[in-house]
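Colleague: The primary structure of each chain is shown beneath.
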Amino acid sequence: MVGGKSPGERVFNISNAVIMILLMCATIYPFWYSVIGSLNGGADLMRGPLFLWPREFTWASWRAVLADPGLLQTAWITVSRTVIVTVVSILYTAMFAYAFSRPYLKGKKIYMMIGFISMYFSGGLIPSFILINWLGLYDSYWVYIIPSLFGGFWNVIILNANYKAISDSLFESAKLDGASEFVIFFRIVLPLSKPVLAALSVFTAVGVWNDFGTTLYFTQSTDLQTLQYLILKLLQTSNASEQLQNAAANSNLAVAELLNKAKGEGLVTAKTIELAAMVITSIPMIILYPFAQRYFTKGVMLGSLKE
Amino acid sequence: MKTTPESIRLPFVRKRKNHYLGRDWRTQMELQLMIWPAIVLISIFSFFPLFGLLMAFKNYDPMSGVKGIFTSEWNNFENFTVVFQSFQFWPMLKNTVGINLFGSLIGLPITLLFALMLNELTSRKFKSFLQTITYLPHFLSWVIYGGLFITLLNPQGGIVNELLVQLHLIDKPILFLGDPDYFWGVAIGTAILKDLGWGAILYLAAIAGIDQSLYEAAAIDGAGRFRKMLYVTIPCIKPTIMILIIFAISGMLNNNFTQIYVLQNTLNMPASQVIDTYLYQTGLLQFQFATATAIGLLKSVLALLLLLGGNYASKKLTQSGLF
Numbered sequence: 001m002v003g004g005k006s007p008g009e010r011v012f013n014i015s016n017a018v019i020m021i022l023l024m025c026a027t028i029y030p031f032w033y034s035v036i037g038s039l040n041g042g043a044d045l046m047r048g049p050l051f052l053w054p055r056e057f058t059w060a061s062w063r064a065v066l067a068d069p070g071l072l073q074t075a076w077i078t079v080s081r082t083v084i085v086t087v088v089s090i091l092y093t094a095m096f097a098y099a100f101s102r103p104y105l106k107g108k109k110i111y112m113m114i115g116f117i118s119m120y121f122s123g124g125l126i127p128s129f130i131l132i133n134w135l136g137l138y139d140s141y142w143v144y145i146i147p148s149l150f151g152g153f154w155n156v157i158i159l160n161a162n163y164k165a166i167s168d169s170l171f172e173s174a175k176l177d178g179a180s181e182f183v184i185f186f187r188i189v190l191p192l193s194k195p196v197l198a199a200l201s202v203f204t205a206v207g208v209w210n211d212f213g214t215t216l217y218f219t220q221s222t223d224l225q226t227l228q229y230l231i232l233k234l235l236q237t238s239n240a241s242e243q244l245q246n247a248a249a250n251s252n253l254a255v256a257e258l259l260n261k262a263k264g265e266g267l268v269t270a271k272t273i274e275l276a277a278m279v280i281t282s283i284p285m286i287i288l289y290p291f292a293q294r295y296f297t298k299g300v301m302l303g304s305l306k307e
Numbered sequence: 001m002k003t004t005p006e007s008i009r010l011p012f013v014r015k016r017k018n019h020y021l022g023r024d025w026r027t028q029m030e031l032q033l034m035i036w037p038a039i040v041l042i043s044i045f046s047f048f049p050l051f052g053l054l055m056a057f058k059n060y061d062p063m064s065g066v067k068g069i070f071t072s073e074w075n076n077f078e079n080f081t082v083v084f085q086s087f088q089f090w091p092m093l094k095n096t097v098g099i100n101l102f103g104s105l106i107g108l109p110i111t112l113l114f115a116l117m118l119n120e121l122t123s124r125k126f127k128s129f130l131q132t133i134t135y136l137p138h139f140l141s142w143v144i145y146g147g148l149f150i151t152l153l154n155p156q157g158g159i160v161n162e163l164l165v166q167l168h169l170i171d172k173p174i175l176f177l178g179d180p181d182y183f184w185g186v187a188i189g190t191a192i193l194k195d196l197g198w199g200a201i202l203y204l205a206a207i208a209g210i211d212q213s214l215y216e217a218a219a220i221d222g223a224g225r226f227r228k229m230l231y232v233t234i235p236c237i238k239p240t241i242m243i244l245i246i247f248a249i250s251g252m253l254n255n256n257f258t259q260i261y262v263l264q265n266t267l268n269m270p271a272s273q274v275i276d277t278y279l280y281q282t283g284l285l286q287f288q289f290a291t292a293t294a295i296g297l298l299k300s301v302l303a304l305l306l307l308l309g310g311n312y313a314s315k316k317l318t319q320s321g322l323f
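Keeping their order, the protein sequence lines are chains A and B.
The opening position of the first sequence corresponds to residue 1 in UniProt numbering, with each subsequent residue numbered one higher.
The opening position of the second sequence corresponds to residue 1 in UniProt numbering, with each subsequent residue numbered one higher.
Next up, chain B with everything else stripped away, as it sits in the complex:
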């Protein structure tokens, strides 16, 4: 950036004038009036539920309401024991981590590749058209996108099975959503397709911010398009890539509830029960409030540790992190 005389003078001007302008009580009143309703909303809907986490350590009875959160007695981590000893616990953890881990391992590189290839397109109009179209699934709800895949993957008259049979890749239709063996694949595949275009937006923005003179210098050194991509583009967008990897790591226990809930059914339950759906079932369908809160708390604490760990590892390895 060039330093203009203005940008040198500005901080000084701002300091003096603003101090003078904001000192009167009327200005402060107006500003506080703009701030306070949100503070009230945050206090009620974000802070107040934090007290509810006490339930995780207590013998809470759903009938006792808000008062019961504070009055019911402690039960020595019994709720956590119940969670760990549940026969559903380990399969559920495996499904959660499995879907997220493989989803990230496959999804992140594919999205990056998509962004890089999109960036190599020579026609700008074509590029922007492609972006508009590939954004579309992101703006559809999972109820609809997932619902459509249920139709497309149907063993009776679903187009995917029909195609696979006609191409002689399979002998008879596969029950994609009725067979636990296929559930992870379906969940990962649909998630990638839905957010392929949208995920590329961040990479493209980072690519757009790269100094063009780097490409010119590379061209002078005789680099072709592929080498430019490998030695200029990718190193320059490394911070963005690292941030997305850190987010993926911290989200390892956090499934997309809406997606899994839509695709889930009794037949694929062994592969589709994840922490979030289990929490919904134990909490709101079976009214085991204390157990569900314990699961939720366990999940948040582990997610925070993963975030800090991922950030630490990223800083050690690549010198760039989130904070």
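The following block holds chain A by itself, in its conformation from the complex:
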């Protein structure tokens, strides 16, 4: 509860809490709006904006989105890509970081240099585009997987700092028992770094799930599009028609009326479909992140402050 010693302090505590709640509402409201908008009747939504609650509650738009057969392929591409990249790149980066953390690794200095150069220098979009084309990855499913299999040197640094906390005697006794490096990695290191792995997995999964650049730059066929890209396309089409409508509303009422009708009537309209697709696409990541939340600080901290 809000408690304080002096009245002044109590006033401060209460006003502080109130401001915080208001700020929280401001950050969350856009998403809340998409939730209530997608659960509202489409024609009703056009009559005026909602504030806190749907006026005419219906699942129609959600059903329309989930029943769309074209969406299945898109969802499959997105989900499979996210799962594969997250699992493989985290496992692989953790393994790399383990080998890198061993003081008796030969060639460590060279590997470190390679790692740091890869962190600070990049060829940029166009050279990457030419490379992807040359490798035959353009417009192929593998463009989503292969370039992302290594999680980056940044993650290696985070993991490395974390491995330092593991007691050396554990490694030594395992070694004396004849365990190979792979056994040590899978049986000792992985289980002991669960927190940081959880945080990094969430960051990776969110990054892959939310990425539309790869689709935009390196693919063109519709059966390779991801959910984010699909929504981008939905947005761009509805924006274009909205701009047309705004222009028409200022000059020609009849045309505006017609455009309004073309956007759909009844429970499901282009707008509610768009909002429902946005909410449904966001749900997996929204469910995921609170689980790893208590590990975030550690992951972010180590990464940004330790070298």
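The hints are simulated quantities; they were obtained by calculation from the structure and are not laboratory data.
Glycine included, every Cβ here is placed at the ideal spot set by N, Cα and C.
Treat the hints with care, since some could be wrong.
[Unchecked claim] SDA-like, lysine to any residue: derived pairs with alpha carbons at most 25 angstroms apart: (1) B:Lys228 - B:Ile243; (2) A:Lys108 - B:Phe323; (3) B:Lys125 - A:Pro290.
[As the list claims (entries may be wrong)] Some chain A residues flagged as far from chain B (calculated, every beta-carbon gap over 10 angstroms): (4) Val11; (5) Ile19; (6) Arg47; (7) Gly70; (8) Leu71; (9) Gln73; (10) Ala75; (11) Trp76; (12) Gly115; (13) Tyr120; (14) Pro127; (15) Ile188; (16) Asp211; (17) Leu224; (18) Leu235; (19) Gly266.
Since the structure of chain A is already known, use the hints to place chain B on it.
Modeller: For chain B alone, kept in the frame of chain A given last:
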């Protein structure tokens, strides 16, 4: 930190045993096996494109493929001249720097203030609840968060315009995304809202690491909460603040492509064309590979200079920097 007998003995033990344990060839083989696939991936996807930067100085034809990068002839910085002489260049630079500069000038203090106020909350449960909720937008993609703002800022039935009209702050709805005058504001505002909670995480972690005895000493000296914040908390997290400022300076030319791309449309183009979107358009939509590479290279070099300059200034002024 206390020095225990163990921590004195450990380095010695580690040195001797590890040397012995890592000497056999099998161990080395296993370790190299763990390292090498990543080295191959880095070489292909990070190092190989670096050769592509040669295009910036050459007469490159997109049809000539990878070979053309090496075989096409040099053209005396012509690509850079084309960039500088483009009528889009100066507006684009202005938009890039403007959005980033004002974004940092407003965003950094607001995020710091948010973290400090969050830290002053007395209930831990409430604090962690607030954090969870304010993290949420960070985990939404810009396609979705930006798309939602397009809906909310719509002049026809968008809730922001509706509210402003009903409160009699404006006479008729504003075309927030159709008018170049408002674009910077929209870009900066949405970016701050999206990462307010997430940005505070670093400050909060730094605050959590402050030695509690400093607060006790301050309390004995008669400092209230506000003075503690001003004279203990802020000086203690100064290194974190400086690092974030250095990052902001080095990122001055680096816009969030995904955000700008989503919010951009033909009407607001005069205020929304930034280096990254221009690079995408000239490169992948108009296939002017050499020009786009020149812009990219120019940007990276300037970003590196800004990073070094920012770090140098920070070290001179506050004795703390990145490296």
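Colleague: Run every hint past the structure and note whether it holds.
Modeller: Outcome of the hint check:
For the proposed pair Lys228 (chain B) and Ile243 (chain B), the alpha carbon gap of about 23 angstroms is at most 25 angstroms, so the pair holds. Annotation: proposed proximity of Lys108 (chain A) to Phe323 (chain B) holds, straight-line Cα distance about 21 angstroms (limit 25 angstroms). With a C-alpha separation of about 14 angstroms, the suggested pair Lys125 (chain B) and Pro290 (chain A) falls inside the 25 angstroms cut-off, and the hint holds. With a least beta-carbon separation of about 12 angstroms from chain B, Val11 (chain A) lies farther than 10 angstroms from that chain, consistent with its non-interface assignment.
The claim that Ile19 (chain A) lies off the interface is violated: its Cβ sits roughly 7 angstroms from the closest Cβ of chain B, which falls inside the 10 angstroms cut-off. Non-interface status of Arg47 (chain A) relative to chain B is broken: a Cβ of that chain comes within 10 angstroms, the nearest being about 8 angstroms off. Every beta carbon of chain B lies more than 10 angstroms from that of Gly70 (chain A), the smallest distance being close to 18 angstroms; the non-interface claim holds. Interface exclusion of Leu71 (chain A) from chain B stands, the closest Cβ pair being 16 angstroms apart, more than 10 angstroms.
Interface exclusion of Gln73 (chain A) from chain B stands, the closest Cβ pair being 19 angstroms apart, more than 10 angstroms. No beta-carbon of chain B is positioned within 10 angstroms of the beta-carbon of Ala75 (chain A); the least distance is around 15 angstroms. Distance check for Trp76 (chain A) against chain B: the nearest CB is about 18 angstroms away, which clears 10 angstroms, and the non-interface claim stands. Listed as outside the interface, Gly115 (chain A) is inconsistent with that label: its C-beta sits roughly 7 angstroms from the nearest C-beta of chain B, within the 10 angstroms cut-off.
At roughly 8 angstroms from the closest C-beta of chain B, the C-beta of Tyr120 (chain A) falls inside 10 angstroms, breaking its exclusion from the interface. Some Cβ of chain B comes within 10 angstroms of the Cβ of Pro127 (chain A); the nearest lies about 2 angstroms off, and the non-interface call is violated. The beta carbon of Ile188 (chain A) is kept farther than 10 angstroms from every beta carbon of chain B, the shortest such distance being approximately 14 angstroms. In this structure Asp211 (chain A) is not separated from chain B by more than 10 angstroms, as the shortest Cβ-Cβ distance comes to only about 8 angstroms.
Listed as a non-interface residue, Leu224 (chain A) keeps its Cβ farther than 10 angstroms from every Cβ of chain B; the least gap is roughly 16 angstroms. Interface exclusion of Leu235 (chain A) from chain B breaks down, the closest Cβ pair being 5 angstroms apart, not more than 10 angstroms. For Gly266 (chain A), the non-interface assignment is confirmed: its Cβ lies about 17 angstroms from the closest Cβ of chain B, beyond the 10 angstroms cut-off.
In terms of the numbered hints stated before, the structure departs from hints 5, 6, 12, 13, 14, 16 and 18, listed from lowest to highest.
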